[in-house]
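Going line by line, the protein sequences match chains S and G. Going by my numbering, the first sequence opens with residue 1, and the numbers climb by one from there. Going by my numbering, the second sequence opens with residue 1, and the numbers climb by one from there.
These aren't lab readings, by the way, just hints derived from the structure by calculation. Just so you know, not all the hints are guaranteed correct.
Chain G side only, calculated, beta carbon under 7 Å to chain S, not exhaustive [stated by the list, open to error]:
| no. | residue |
| --- | --- |
| 1 | L6 |
| 2 | T10 |
| 3 | I11 |
| 4 | A13 |
| 5 | A23 |
| 6 | T33 |
| 7 | L146 |
| 8 | A165 |
| 9 | M166 |
As the structure is a prediction and not an experimental result, all values here were calculated from the model. Yeah, the Cβ is synthetic: ideal placement off N, Cα and C, and Gly gets one too.
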Amino acid sequence: MADRHPLFMPLVLVGGLVFGFGLGFSHMARPEVVIDFLTFRDLGLLFVMFGGSIVAGLAFWVVPRLRSNAPLTGRPYGRRLKSFDRNVLIGGSVFGVGWGLSGICPGAAYASLGVGNWPILYAIGGMFIGAYVQGVWRSREPSADADGVPSDD
Amino acid sequence: MIADLLAPGTIEALFPNGISRYAIGGLLVGLGTVVIYLGTGITAGASTFLESTLSYVSAQSRFEQYRPSRDWRVVFTVGIVGGAAVYALIYQGEAWALAGSGWTTEVQPWRLLLGGILVGIGTRIGKGCTSGHGICGVGSVSRTSLVGVVTFLIVAIVTANLVAAMGVSP
Numbered sequence: 001m002a003d004r005h006p007l008f009m010p011l012v013l014v015g016g017l018v019f020g021f022g023l024g025f026s027h028m029a030r031p032e033v034v035i036d037f038l039t040f041r042d043l044g045l046l047f048v049m050f051g052g053s054i055v056a057g058l059a060f061w062v063v064p065r066l067r068s069n070a071p072l073t074g075r076p077y078g079r080r081l082k083s084f085d086r087n088v089l090i091g092g093s094v095f096g097v098g099w100g101l102s103g104i105c106p107g108a109a110y111a112s113l114g115v116g117n118w119p120i121l122y123a124i125g126g127m128f129i130g131a132y133v134q135g136v137w138r139s140r141e142p143s144a145d146a147d148g149v150p151s152d153d
Numbered sequence: 001m002i003a004d005l006l007a008p009g010t011i012e013a014l015f016p017n018g019i020s021r022y023a024i025g026g027l028l029v030g031l032g033t034v035v036i037y038l039g040t041g042i043t044a045g046a047s048t049f050l051e052s053t054l055s056y057v058s059a060q061s062r063f064e065q066y067r068p069s070r071d072w073r074v075v076f077t078v079g080i081v082g083g084a085a086v087y088a089l090i091y092q093g094e095a096w097a098l099a100g101s102g103w104t105t106e107v108q109p110w111r112l113l114l115g116g117i118l119v120g121i122g123t124r125i126g127k128g129c130t131s132g133h134g135i136c137g138v139g140s141v142s143r144t145s146l147v148g149v150v151t152f153l154i155v156a157i158v159t160a161n162l163v164a165a166m167g168v169s170p
């Protein structure tokens, strides 16, 4: 936080720029394209997911074999592994209904704002409402959810 | 070769807009993730931003736990918006001309709002979204993420087809 490496934020910004440019270029920032994919009118979005996960997967596989820690944080290189429980199925299903109804997911929604799609503010506003509602509700639970502890400092 | 095995026109029917925009876009999405990973070791997803940003205005414990990462998540999201804006400026309308570079959806506001609420609830309960589970999780060959992706993909396909069958368009 206070003692972040000076290049930490610039690097995150550059990563975000490339990520967002890719979402724009892939047309995934357009809800119509996602809905066309989900209704089998254009399966091109498969290449976005597979393309993205293959590139990320290569890095997650190769980089830890070359170096043990990241230069800007000292964090050990690892993979994104989260524990499995029924929340993954429940949350995934709720997410699926929302994604299928609106054609928009979080990253694509931010990118959609960037391509000038101001009505996407309805979706982004909705996401904050949804995140807030589940947060208030789950904050009341005596959190036994070990996975609730975030690792991405 | 594979194309020869399929009936004529099948590829065109499945991919009416070709595949290059999707493949190149996907590679760039992955590259953005890798840039952050290389420097920081963080496998960044897009949806934690929702809760971490709420910690600026709410003291709920669910949001407070994301305090340490909330600043960089804002920067990441600003980057996503900015990168997409650069894309729009170059490829939508006349290159580098602001006029005509905007694009707006025809999908109805109630679908965006209601869908957004469900996405917001679901992604946080389900531990990830299309980028966290779909890109980073699948890239990590995480069984949790693979199950998550298959779950939301199937449910989304059923939902989108039901909505279309009910005549809701756009």
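Structure-based check of each hint:
| no. | hint | verdict |
| --- | --- | --- |
| 1 | L6 | 13 Å, violated |
| 2 | T10 | 11 Å, violated |
| 3 | I11 | 10 Å, violated |
| 4 | A13 | 9 Å, violated |
| 5 | A23 | 4 Å, holds |
| 6 | T33 | 5 Å, holds |
| 7 | L146 | 10 Å, violated |
| 8 | A165 | 9 Å, violated |
| 9 | M166 | 11 Å, violated |
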